[in-house]
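From first to last, the protein sequence lines stand for chains A and B. Last residue of the first sequence: 288 in my numbering, with the numbers rising by one and none dropped. Last residue of the second sequence: 887 in my numbering, with the numbers rising by one and none dropped.
Just so you know, the hints here were simulated from the structure itself, not pulled from any lab data. Hints are not guaranteed to be accurate.
Said to hold, decoys possible - Only pairs whose alpha carbons sit at most 25 Å apart, straight line, appear in this in silico BS3-like list of lysine-lysine:
id, chain 1, residue 1, chain 2, residue 2
1, B, Lys587, B, Lys454
2, B, Lys666, A, Lys216
3, B, Lys283, B, Lys210
4, B, Lys323, B, Lys303
5, A, Lys280, B, Lys719
Spelled out from the first residue to the last, the chains are:
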Amino acid sequence: MKTTAQNLFDLSVTVNGTRYEQAVEPRTLLSDFLRHELGLTGTHVGCEHGVCGACTVLLNGESVRSCLMFAVQAHGREITTVEGLGTIEKLHPIQEAFHEAHGLQCGFCTPGILTTVVPFLEQNPHPSEEEIREAISGNVCRCTGYQHIVDAIKLASDRMNK
Amino acid sequence: MSNSSVGQSLPRPDALGKVTGQTRFSGDLSRPGMLHMKILFADRPHARVKHVETGNAQAAPGVMAVFTARDVPVNEYGLQIPDQPVLCGPGSDKPNTDIVRCMADQIAVVVARTESEAEHAVKMIEVDYEDLPVLTDPLQAMKTDAPILHPDRGDSNICVHYKIHKGDMDAGFKSADVIVEGEYHTPVQEHAYLQPEAGLAYLDEEGRITVEAGGQWTNADQSGISHALGMPDDRVRVIYPAIGGAFGGREDLSVQIVLALAVWKLQQPVKIIWSRRESIVGHGKRHPITIRAKWGATRDGRLVAAENELIGDAGAYMYTSNKVLGNAAITSSGPYFIPNFKTDVYGVYTNQLPSAAFRGFGAPQALFMAELQMNKLAEKLGMDPAEFRLNNALQDGLTMNVGTPAPGPVSIIQCIHAARERFQWNKYRRRRTKPHIRRGRGFAAGFKNVGFSFGYQENCWAKVEIHGDGDIERVIVHHAGAEVGQGTHTVMRQVAAQVIDYPAEKIQLHTSDSATQGNPGSASASRMTFMAGNAIKGAAEAALAKWKTEERPAIAEYKYLAPRTTPFDKETGHSTPNFSYAYVAQAVEVEVDIETGQVRVLRVVSADDVGKAINPDLVVAQIEGAIVQAHGYAVVEDYRTENGRVLTDQLSTYLIPTIRDIPEKVDSVLVEVPDPNGPWGARGLGELPFLPLAPAIAAAIHDATGVWIDEIPFTPERVLRALGRIR
Ligand code: FES
Ligand code: FES
Numbered sequence: 127m128k129t130t131a132q133n134l135f136d137l138s139v140t141v142n143g144t145r146y147e148q149a150v151e152p153r154t155l156l157s158d159f160l161r162h163e164l165g166l167t168g169t170h171v172g173c174e175h176g177v178c179g180a181c182t183v184l185l186n187g188e189s190v191r192s193c194l195m196f197a198v199q200a201h202g203r204e205i206t207t208v209e210g211l212g213t214i215e216k217l218h219p220i221q222e223a224f225h226e227a228h229g230l231q232c233g234f235c236t237p238g239i240l241t242t243v244v245p246f247l248e249q250n251p252h253p254s255e256e257e258i259r260e261a262i263s264g265n266v267c268r269c270t271g272y273q274h275i276v277d278a279i280k281l282a283s284d285r286m287n288k
Numbered sequence: 161m162s163n164s165s166v167g168q169s170l171p172r173p174d175a176l177g178k179v180t181g182q183t184r185f186s187g188d189l190s191r192p193g194m195l196h197m198k199i200l201f202a203d204r205p206h207a208r209v210k211h212v213e214t215g216n217a218q219a220a221p222g223v224m225a226v227f228t229a230r231d232v233p234v235n236e237y238g239l240q241i242p243d244q245p246v247l248c249g250p251g252s253d254k255p256n257t258d259i260v261r262c263m264a265d266q267i268a269v270v271v272a273r274t275e276s277e278a279e280h281a282v283k284m285i286e287v288d289y290e291d292l293p294v295l296t297d298p299l300q301a302m303k304t305d306a307p308i309l310h311p312d313r314g315d316s317n318i319c320v321h322y323k324i325h326k327g328d329m330d331a332g333f334k335s336a337d338v339i340v341e342g343e344y345h346t347p348v349q350e351h352a353y354l355q356p357e358a359g360l361a362y363l364d365e366e367g368r369i370t371v372e373a374g375g376q377w378t379n380a381d382q383s384g385i386s387h388a389l390g391m392p393d394d395r396v397r398v399i400y401p402a403i404g405g406a407f408g409g410r411e412d413l414s415v416q417i418v419l420a421l422a423v424w425k426l427q428q429p430v431k432i433i434w435s436r437r438e439s440i441v442g443h444g445k446r447h448p449i450t451i452r453a454k455w456g457a458t459r460d461g462r463l464v465a466a467e468n469e470l471i472g473d474a475g476a477y478m479y480t481s482n483k484v485l486g487n488a489a490i491t492s493s494g495p496y497f498i499p500n501f502k503t504d505v506y507g508v509y510t511n512q513l514p515s516a517a518f519r520g521f522g523a524p525q526a527l528f529m530a531e532l533q534m535n536k537l538a539e540k541l542g543m544d545p546a547e548f549r550l551n552n553a554l555q556d557g558l559t560m561n562v563g564t565p566a567p568g569p570v571s572i573i574q575c576i577h578a579a580r581e582r583f584q585w586n587k588y589r590r591r592r593t594k595p596h597i598r599r600g601r602g603f604a605a606g607f608k609n610v611g612f613s614f615g616y617q618e619n620c621w622a623k624v625e626i627h628g629d630g631d632i633e634r635v636i637v638h639h640a641g642a643e644v645g646q647g648t649h650t651v652m653r654q655v656a657a658q659v660i661d662y663p664a665e666k667i668q669l670h671t672s673d674s675a676t677q678g679n680p681g682s683a684s685a686s687r688m689t690f691m692a693g694n695a696i697k698g699a700a701e702a703a704l705a706k707w708k709t710e711e712r713p714a715i716a717e718y719k720y721l722a723p724r725t726t727p728f729d730k731e732t733g734h735s736t737p738n739f740s741y742a743y744v745a746q747a748v749e750v751e752v753d754i755e756t757g758q759v760r761v762l763r764v765v766s767a768d769d770v771g772k773a774i775n776p777d778l779v780v781a782q783i784e785g786a787i788v789q790a791h792g793y794a795v796v797e798d799y800r801t802e803n804g805r806v807l808t809d810q811l812s813t814y815l816i817p818t819i820r821d822i823p824e825k826v827d828s829v830l831v832e833v834p835d836p837n838g839p840w841g842a843r844g845l846g847e848l849p850f851l852p853l854a855p856a857i858a859a860a861i862h863d864a865t866g867v868w869i870d871e872i873p874f875t876p877e878r879v880l881r882a883l884g885r886i887r
């Protein structure tokens, strides 16, 4: 690890395709780094404990909980947050499905669910309903009752396979 | 109409920002030069604060200021009565504001350049406490010799007492062939909205103290803040960013007053984000209520008398206990006609966290009792529980327990029929799978008032602008009603679109800003679709009329006034307390593992009379969400305290349902019996599906195992104990 005089670490990380070189305190959480240093507030923090899944992001394409990682653990790697999945003008098919099929209410859980579902559907493009339920079993939603989330994921998988 | 919008399942306009991470919740906001705040909470449930030593904290690196009770101009707040100090400690003018009454009380706030500096400094504040006796049980606290928690508010801890009394109880019970008596216990429930409290405050371009933090009623937040700061309302502005769930838990203030205080003193933007622990300890909860009941019926299945006593733990402060317990009083008869009726409802101050509004607002507790009483009576009479309910259901013209008829049309009978049919209740066959797995079915019903009433003149403001020349080019709706996730912004657009015959997705919405909009009322009591729907409909119709007379732009404001209501008579409860009710019935099937005590809910059929589904998909989404939350209440969630301290203060200890802990199938039946006063007939919905689930599950557990469980939640431990398998 390279540390500077004030015990800062020279972090180099690619987030949503942009390379960032930034000195960070070694104890900075990845969630705080994304939200406060980079202003990527789409990554939400609901429990700070790894319980709710709201803070999920992709690290080299895999879902991880950013509240359980230090920013320095992402050194040299690639992160995708919800902002990197698609834009309002050009939605990712999963975002599109959540919009159309009412896969959210307050939307606080949504970014973490989307970043959980993206690699899931890549690995399992034709999931059964049971597999969908398993895939999101670590994401807490207090509003929807989950059924519309499951329906949105089904819609996304149908669309992506066309 | 070409742009017919009401009744269509249009997508939510707010979803685009929410799926792309562009939506800003209060914790996502920032401003240049922003400072960070941390709050010192009380670390004991009942104590006098003798001294708060802030010297070390003031001198800590990065600290800009430390505020205590002395710094709050009018050191009190509260949605119904101002009985809680903003900051507890010596030095303010109000009496007894140096007393800490629960762990949610705040002692001091630190404002620093960074969040970690504030966090560091807050630990350096030293508080000298004199401990006082801790009252955790309302039954103890209501005794005459109990220490008084609010000495300046009378000589009793009983802060609410409602009486409803009609008919002749003795004669009623004498005519009964069967009588069921029971004692029921309902638990605390934590809202656990996924977004913890947060806020940003600053001075706007006109120098107003502006607070951006999620709430449920902009104007109430504004006047709570301005009261504590001793300022006129118009010096304070409240704006709602996106709100990450509320369910009643954001009705009372949390971070708003201290943020405003800091901005006023420091003239710099200040931000705070609560941790999950701060959120759980820092806001109110669902009222736990102990209920005793005695109900009688005749052999042919007619209710003749019911007598109840409900004792609710109000916690340390009033919050909305007076309103919540008023609803509990009304719903304590269930949606039935009972000729002789008596209910006493008490709210009692204790040193627990305050009890507050939570989806259902007193009705889930009262209905847990009423519906179990109905199921037990049906069993004793050898009658089908759905049939027994139909025999006694309220109908148009029959008087409610408050001595006046419910505003019609009363649709509980339609809901019971609808739930029964969809479930195929009469064809139900119990399937056996394994010897230790028992299945059963249960039925329950419920009803809920729409709006805050009890003599309060319900009102709601809206403004609509139509711009263009020959053709309409732009429609703007102004409304401050809180979008807490329920979809009200979608409904608002659909209402205006329908009236103006203009595409809903093109309507611009100006939302939740107390500086530019009139009073929306609260996003609670299942009232927003009804009230905002009527207000926007009125404003849109008026704007359209102006448009047709060539006024350009055509702009109209409208204030909808709901039909009048009256408060409870002090002795009898006689009143016309509400202008609208909505009705629900549910049938469920459960599976009980008699070896592990595990309860699985296999199927829920929920028949909800929404009057008119303005957006059917959103209605179904509300039903599914409410049922899963009610399932959490009934089966999963297990809030624990010890001597006034919260033990389950994280999402790792206070477990809420994941997709693995929910009913396997939720089947929503939309009943649509229009309310003549509702917009296109709409009633209220948000709370309705929550109400009967716990008693329906209890009835199904009984059907499966033969035991009644009169206390929520139905945890494995409690089920095994009821089955006599453990002590
Ligand atoms: S905030 Fe990371 S899992 Fe909840
Ligand atoms: S939509 Fe609110 S938490 Fe999932």
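Verification of the supplied hints:
{"no.": "1", "hint": "Lys587/B / Lys454/B", "verdict": "violated (32 Å)"}
{"no.": "2", "hint": "Lys666/B / Lys216/A", "verdict": "holds (19 Å)"}
{"no.": "3", "hint": "Lys283/B / Lys210/B", "verdict": "holds (18 Å)"}
{"no.": "4", "hint": "Lys323/B / Lys303/B", "verdict": "holds (19 Å)"}
{"no.": "5", "hint": "Lys280/A / Lys719/B", "verdict": "violated (43 Å)"}
The structure shown violates the earlier hints numbered 1 and 5.
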